[in-house]
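Participant: Spelled out from the first residue to the last, the chains are:
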Amino acid sequence: MDFALLRDAFWGLTFDGLALGAIYALISLGYTLVYGVLRLINFAHSEVFMIGTFSALVASGIMGVKVEDDPRTGWKMVLTLLVCLIAAMLASAITAVLVEIIAYRRLRQRGATKLATLISAIGVSISLVEAFRIITHSLPREFPRIMDKTFLLSYAGADIRNDKVIVIVAAGLMMFALERFISKSRYGKGIRAVSMDENTATLMGVNINKVITVTFLAGGLMAGAAAFFYILVYENTSFKVGFFLGISAFTAAVLGGIGNLKGALFGGFVLGVLETYTSAVFGTAWKAVISFLILVLVLLIKPTGLFGESIQQARV
Amino acid sequence: MSEKLLELKNVTMKFGGVTALNEVNLHVNKGEIAALIGPNGAGKTTVFNVVTGVYKPTSGEVNFVGQSVVGKKRYQVTKIGIARTFQNIRLFGESTALENVVTGADVHSKSGVIGSIFGTPRSRREEKAALERGMELLAFMGLKHRAGQLGKNLPYGDQRRLEIARALATNPQLLLLDEPAAGFNPAEKVALAATIRKIRDAGYTVLLIEHDMSLIMDISDRVAVLDFGQKIADDVPKVVQNDPRVIEAYLGAPADAS
Amino acid sequence: MADKKFRYNVRDHAAEYWERSPKWRRVCLSISFIAFFYALPFLNNPLINTPGSDFQSVLFYPVGMYVLMAIGLNIVVGKSGLLDLGYVAFFAIGAYTMAILGTHTGLNFWEILPIGIALAMFSGALLGTPTLRLRGDYLAIVTLGFGEIVRIVAVNIEAIGGPRGIAGIPTPPDFFNAKFTILDPKPYYWVLLTFTLLIVWMVRRMAARRPGRAWDAIRQDDDVAQLMGVNTLKYKVWAFVLGAAVAGAGGVLYASQILSIVPDQFNLNVSILILACVVFGGIGNLWGVILGATLLAFTPERIRFLSQPRILVFGIALVVMMNLRPDGILPKKKREHFDPNWHTVEESGEGEIK
Amino acid sequence: MRLEIKDLHVHYGKIEAIKGISVTVNEGEIVTLIGANGAGKTTMLKTISGLRPVSSGQIIFNGEDISKMPAHKRADLGLSQAPEGRGIFIGMSVLENLEMGKYNRKNRKAEMNEDLEKVFHLFPRLKERISQVGGTLSGGEQQMLAIGRALMARPKVLLLDEPSMGLAPLMIANIFNIITEINKTGTTILLVEQNAQQALQRAHRAYVLEVGHVVKEAKASDLLNDPAVRAAYLGTGAH
Amino acid sequence: PAANAACSGKLKIAYQGPLTGPEAALGINELNGVKFALSKFLTANKGANVDPTVYEVDDQGDPAVAGPIAPKVAAEECVVALVGPAYSGASKVSLPVYLSAGLSIITPSATNPTLPTFGKSIFHRAVLTDDYQGPAAARLIVSKNKNAKVFLVNDASDYAVGLQKTVDITLAGRVVGKDVTPTGTTDFTATIAKIKKSKATAVFYSGYFSQAAVFVKQLRDSGSKITFASGDGTLDDQFVKLARKSAEGALLTAPAIPFETASPKLAKEMTAMGMKPGVYTTESYDAANFFLEAIKAGNTDRASINKYVSTKSSKGLSKTLKFDAEGEVSGADVNGFIVKNGKLVLLGAIK
Ligand SMILES: Nc1ncnc2c1ncn2[C@@H]1O[C@H](COP(=O)(O)OP(=O)(O)OP(=O)(O)O)[C@@H](O)[C@H]1O
Ligand SMILES: Nc1ncnc2c1ncn2[C@@H]1O[C@H](COP(=O)(O)OP(=O)(O)OP(=O)(O)O)[C@@H](O)[C@H]1O
Ligand SMILES: [Mg+2]
Ligand SMILES: [Mg+2]
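Chains as they are written, first to last, in the working numbering: chain A, 1 to 316; chain B, 1 to 258; chain C, 1 to 354; chain D, 1 to 239; chain E, 1 to 351.
Note that these hints are calculated values from the structure, not bench results. There could be a bad hint or two in this list.
As the list claims (entries may be wrong) - Beta-carbon label-pair distances, calculated as ranges:
(1) B/Ile114 - C/Gly168: 30 to 40 Å
(2) B/Ile80 - C/Ala125: 20 to 30 Å
(3) A/Ile134 - E/Thr53: 15 to 25 Å
(4) B/Thr120 - C/Tyr38: 21 to 31 Å
(5) A/Thr213 - C/Tyr38: 32 to 42 Å
All values derive from a computational prediction rather than experimental measurement. The beta carbon of each residue, even a glycine, is placed where N, CA and C say it ideally should be.
Using the sequences plus the hints, can you model the full thing?
Facilitator: So this is what it looks like as structure tokens:
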């Protein structure tokens, strides 16, 4: 146990943890959104993210970026980054919507159990991972460096790097935009209504299919953004990239209180920082164990996560 | 003669800003049919919830045959002899009628998981007794022919009756019925009144919430009236019926005695 | 539509046939049924053979092992409705018990078996008691985490082999004429089959009695179950502990057959696959679960000739099947019983109560 | 807004719950369906609002066959239902539940306050509980909320399934007055009630249902005096 | 078993390793090596006694999956030799079965030192175990950096932990810190903070190339310029491709050499056939060739092929394969490499 390291490198670890957490947060939004409407863990969401990373990669190729090139600068850089971001978001969003149609819709309309749907989503997840494994010959892929990584400033031993700043800020902004959309548009209400009582929701004029599609779409967009930021910071991907991030992001969603957007954001950041701290103190090997124990502790004290509303049950 | 079975002393139940029960004193005597009436949202169901351990009262005492039920787990409350039905029917829809009732009857079984795996004599005995008790109660409620049907597939009226059977199966000293006649037509209400009387005659004590005044007047020995969480009357039906406060808060027009 | 009716009829007919059968016929049917399964390793049928792998071995692992674990998980997920995504942990605990005790003490398989089961049960209770108060999907993540933790701990502790695991696990001692060697999976299969039959028998007894009713009640409406006097936490912990026991037993046997284990074998995928077996077969229905596990374990072996797209095909098949049969292959469909005796008493409250 | 149901058949799996029912509700009318438990009254309403699929037959609303139309579109046409079991969104506040009633209406903002005031006027209790979550309301409060929410949509045809269930006597009288009042402002109403006495007093016409069939159709006032109906549905001792 | 007449002209060489699932990359590298060896052999020896396709055995790198397949492979009479299993875990389960069936195996990549006890006479290993590589890696680091203070990182895999242990022992007093970053770690922030705090001048990463690339990139992006060293799991063109500039100056060791370095010509040929060489391609190519030579020398049954590879030697691309009594390859050198200008440059045998 190395508490001294945590003390000495506190701000640096915190900053880097926030950057990681921002990516978790964006992914966990997808889990939380789908959970919010269907009360289901979307097991294929990690693959929605995975496809986003590959799409950003393809987009960079289309933009003429080569791996051996020097990083771009100026407008050219901004444009390339934007195109990659949009490509990732679009691809992930489309994937998410397709996942809903393939794995969820029919089952839902037939009134299948939650578990049946869960397995169907797992099937989609397995298929996507394997399909990408075959396409990529099981090899990881590298993402070119489009933007030079520079230190903006150093504070108390923490090196603040440009790409990570972008990630943290952008995640916050996207989250804000999503929150606005959900709370200002009718969809937010529609989503909640569907999650509580589908039948009554239709009676109120809610188009359930549309609401669910929008939900998956929004989750997909966020996962796509996460994918782009991930690949911007870590610069590589592989068919199994979704698995590990997926588990962390899902944990983050639960930590924050699954079904709650603010909770997902908060949970993501908290988990990112927490993982970084525990890696520093206990060693990276134990980070999953410690993070999990903390999660259990939180749940035992607050059974619905940090931000979770108490689970709504009809009263007796 | 009037041995107090259940007694609420100064019970207050607050939910955030809402005071659902305000210093309520209430008791049920052994062997009577007591009724609890009052406008919507007066706190009637909340009384049931406090008594059965669903809510812990903000303050006050709830005593059942001399022991406090406050802080007891829900299943413990059932074990010591209080059973209830629900305002919104809450049956085990995927279980058969018989299974629903036997689940209640299991309360007093001692044998657990190990016993049932190895089929110990006690477990067999208890199993048999529970099943017999279940059938008996189904027959009593006129549901014997429904024994093998799933709860969710029963007609509405039978669902209500099955809830009563299930509650009776726990062998309660006190039976709490929350609007058992809701959704019944007049003929069914008459039949239900007879059933409730029979339950009382069999030695159970009943506390009943109902909005149908003719039913209440017909069968209850004593009526307590709640309004905005406060008890405004508690007396024999005739008196309560003509209490101006009750008329104003609840009945509207003077109810004609039938 | 038409074929749906047909399918249900077959099932109902089979069940009715069984119920109508006199005792001697039931005994005969059961015996021949069981005998068939004991003889299965000798069956050489091109339809069910596995061209890419050894059929007798496949019967033991994955098929037999998946069936056993699916039955165990079904107690947790199917009967009491608790979503457990870390079931592999108990399997791992059983296997590691066998591996550690087998290599470090003189105890043999039969002596270790109860210890392994007990340890699995103990950890089930340890995990369950605090966490089973959590509802629904919160439990799912907690169990998922637990499953991963057991694996990670095994990787990180050098004393139990770290990532290299434990090798040289002893085989069970000879049992009459049956010799347990890695070269002959048959005796293992028979032991496994015996375990399975035993557990099926136990589960069926429980399901029809008080615990079964308690679990049914908890699954359908936890609040009301409590108010009907069911100590729900106790029964949930029991479900967890029994499920753990089954997986623990499986783990002990498995380790003694495969002779060396590594932590990576006990990953999340196993938990998910076993869960898939349960749901795919027909959650809550014992026969469905057994069938589901058999199919899901067997299919990837049967389609080995596909080589690269093998797992892809498996994933797609999972989606397609769930879409076609959302309630599983043999859904739990409670049959409503009509006993003519029940109509004899005149209706409308004629009965009497004490 | 005329609602016309022609030879409707509805199934639950293999069970036929509605076996060829024809019902007409003319614009401006209150029509009530009475019948014993399990007669199929709720099923009728669910089918009209689109929650149950039609096996055969037609539902014609304002001249248009809507029997295949998804439920949410029917809501947009002006069909509004206060469902049996109330269908409260348990995690939403009273206000949010009421707002859901207006989910698809344009210029909701403008109408909103006006309609909210109306509902609160009818059910002052709801105003007191405006931010309480629906799931914790008492049974009767939920019933008021369900009716209030249906009114928020400014329906052309209002489907009410046992609106008096679980309400206190004073409130029951109130509810039936409200029904009459809404009807006077031009809303067509199809009412299902166990409280046949009151329902028949308020309705223009009535249908008597028995196990999936219409056995009687008449002016409500006639049924009120029909001895067979009195015996079966009004209770012999009732007044 | 004696030569089977039905197998005449159709002798099969099997390859066993992960061909599907998350570990498949490694298995496919190896399978390609075997396939390529076979196709070269068949073009050079028209009408040879060998089935032109490799008998593929997919164990997903998982001992559990290997369990039921090994007996089937053993029962395939025309399979006379097997390259693999790729992973130690799967090997431990498979070897006893192959031993009883007398099936000769040469593993290109399973480096667990205890494997000979499982395979006994039929076991051969075409790579040096960690016992050789670790010390060599340690010497390489010290030779480049006299006062090296080394930080050790491993990815918690069987291979990595074993390798790190031997490096650790040889470096003894120079090790200033350790961390484990399990497979799937994407963020090395904490590890890098630890490295910086330990004032290490070199880091030895024990694990596979894809994660090594992520790690070294983050290390460089954090501004650290300390020596990066790693073992054969990282010795892959992919590593250089993935890490690009950050890989510059990385020291790598391997008891073998990458296919491209060993023979650029063959590598090109192979790529042209649609197969990319990667980690362990060279070893499996050599292993397959050894078996093919045995067959060419007229051995058509398992026993004689096993005898051939156990006693004779074969000059491979990576080294001369000559197995000692334990089945371990002997007399081979551990080579050192450095990444220079985006290329893996051979430094020669590490003394
Ligand atoms: N969990 C809770 N949270 C907040 N308020 C509650 C809760 N439970 C009950 N209330 C409020 O307390 C009051 C009393 O409710 P209760 O259910 O006891 O009424 P009731 O007398 O049974 O009415 P009804 O006849 O309509 O069923 C109601 O106004 C209700 O909204
Ligand atoms: N979900 C269902 N599954 C199967 N059968 C059903 C279902 N819902 C209703 N039924 C059956 O359809 C028939 C009509 O039921 P419905 O609920 O429409 O009656 P109702 O007239 O509204 O009765 P109530 O007065 O009890 O509300 C009944 O026989 C009932 O058992
Ligand atoms: Mg109430
Ligand atoms: Mg109804």
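Participant: None of the hints should be skipped; say for each whether it holds.
Facilitator: Here is what the structure says about each hint:
1. B/Ile114 - C/Gly168: 30 to 40 Å: 36 Å, holds
2. B/Ile80 - C/Ala125: 20 to 30 Å: 27 Å, holds
3. A/Ile134 - E/Thr53: 15 to 25 Å: Between A/Ile134 and E/Thr53, where Cβ atoms are some 19 Å apart, the hint holds.
4. B/Thr120 - C/Tyr38: 21 to 31 Å: 30 Å, holds
5. A/Thr213 - C/Tyr38: 32 to 42 Å: Roughly 53 Å apart at Cβ, these two residues miss the hinted range, so it is violated.
In summary, the structure is inconsistent with hint 5 from the numbered list given earlier, while agreeing with all the others.
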